[in-house]
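Trainee: Turn these sequences into a full structure, and let the hints guide you.
In case you want the letters, here they are:
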Amino acid sequence: MRSNTKIIAPAMPFLAPVHILILSIIVFPSLYVVWLSLNSSTFGQSPTFVGFDNYFRTLTDPAFLRALGNTVLIVVFAVHLELAIGLGIALLFASGLPLRRFLLVAVLAPYAVSEVIAVAMWRFLFDPDVGPITIALASLGLPVLDWSFEPSHALVMIGLLTIWLHLPFTFIILYAARLAIPKELYEAARIDGASPYAAFRRVTMPLLGPAIVVALLFRYIFAFRIFSEVWLMTQGGPARSTEVVAVYLYQEAFRFNAFGTAAATAWIMVVASLILATGYVFLLRRQVVGNAH
Amino acid sequence: MRIDKFAIGLGKAVAVSAILIWSLFPIAFIIMSAFKPGQDIFAVPPKFVFTPTWQHYAKLWADWGMFFDGLFNSAFITIGATILAITTSTSAGYAYSRYSSRFLNASVLFLIIVRLIPPIVVTLPLFPIINAIGLNDTHIVLIALYATFFVSLGTVLMRTFIDQIPRELDEAAQIDGATRLTTLRTIIVPLAAPGILAVAVFVVVFAWNEFLFAFIFTATNAKTAPLVISEMIGSIDGVDWGVLFAASTIQLIPVLLFVVLMNRYLVAGLTAGATKG
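Chains A and B are the protein sequences, given in the same order.
The numbers in this note's numbering rise by one with no breaks, and the one at position 60 of the first sequence is 60.
The numbers in this note's numbering rise by one with no breaks, and the one at position 112 of the second sequence is 112.
No lab work stands behind these hints, which were simulated from the structure alone.
Don't take each hint at face value.
[What the hints assert, rightly or not] Below, computed lysine-lysine pairings styled on DSBU-like, alpha-carbon distance capped at 30 Å:
# : chain 1 : residue 1 : chain 2 : residue 2
1 : B       : Lys-59    : B       : Lys-223
2 : B       : Lys-12    : A       : Lys-183
3 : A       : Lys-183   : B       : Lys-5
4 : B       : Lys-47    : B       : Lys-12
Mentor: If you want it as structure tokens, here you go:
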């Protein structure tokens, strides 16, 4: 142990800045949130220990359950649709396209757009009175998205917006993985008389498997904390009907000053992310072991 | 056979057009609308030929002076956060690449786990603390927050990039009497430049566009451009779309050009970031 400490001692000054930042801004505050979540407190009142009361109150609050339901809905709808589109585009790119670099940059472009501007463009395009998409849909006799009144329509809008913003990420992960598959495997499949569909089933899908799982888990974890898109689009309204978990947390903490339930919500978010990530780390490990062979 | 090929080509052309419309139409629409005179913004079908005008920019300048303060704040905070994030992650990535022990390996796992904590979680305890020490509404708070939420990814990325630089180079420098810090500065940093740029792309895009932390921790003095734009969206007397599009265009163009120019590093960073932790 002592020799070990001696070996890594010179590394400490190089590591210190990163770890000081992370400990002071992320880790200690998060641990303090655990303490907050076990106490009842608000402004100007000394906290009292209440055990798991805040968790119980949060998990039985209809507003929280609604927010959780909306979040799960957005995650399930948006992430899987995004994966399907991203996979489709990745395979299209891999099949050979002219101007590939230009098209790649075009697909990446939404990565540069802030949530605020994305919401501004979405709100205009789908504006109930003047939005070009609303007018186009109406003139074709198609149903329009009445997102400012109808909660389910608002959630669809938010889901589409999330896909638009994050498709570049999913696409790049899948495209890079697809490019890593050796050409020889497809040649061998063709020589063996496999149809393009069989090659896709037997070569592409199994080898893309790990990348698909990585993309999915990353997107589950990041979609679960969605805040800005929802806040800027609907502020969780009308009547808290489009809130997601992060918006619920914000409202509890900064509007109702209910730090106990806000802290409990925060830890429910952390634990949910950790559970999702355990699967991810497990898969990474297996991948590392797989690569070693 | 020839018809098959033609059908496949046509199918691809349709798919590529759909992808281009999906990705680029909303962006092009905003930028074009920012130059459209008054009622042309609302024309259906959208007008692609119009007489460009600067009227919305003039109005933005006259009515929303604080937007330009916001741009200055955003630029200052973005530069600060980027410098802080790349210096700290490069030095930590170097240490993780050149030293190894069970403790260090465990602390890499710790860095990965830290990425899982949603940013909104830390706002809860940090808000009263930052108020208490009088740092509310200052640039330094956002610089520290933005950098910190990227140093774990930054460190892991830098380790991956520095791992590819032969150790013999550091050893040669050290035989010549260079300290580790000098080695890092003169040998590692120039060779790890692509990694540093990949980390910089992440931090720049995040810090320039971020909304949640700016919304919670700033009021007037350090208010960033996205926050001012969000106020335009939520304006009670109805949204002035022309002015909103003008502001959006000014905020968007620099970061869009940056991503286009740096697309190679962005792709390298995204791929390495997802597969290496």
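Trainee: With reference to the structure, classify each hint as holding or not holding.
Mentor: Here's how the hints hold up against the structure:
no., hint, in the structure
1, Lys-59/B - Lys-223/B, "20 Å, holds"
2, Lys-12/B - Lys-183/A, "21 Å, holds"
3, Lys-183/A - Lys-5/B, "21 Å, holds"
4, Lys-47/B - Lys-12/B, "28 Å, holds"
The earlier numbered hints are all upheld by this structure, with none contradicted.
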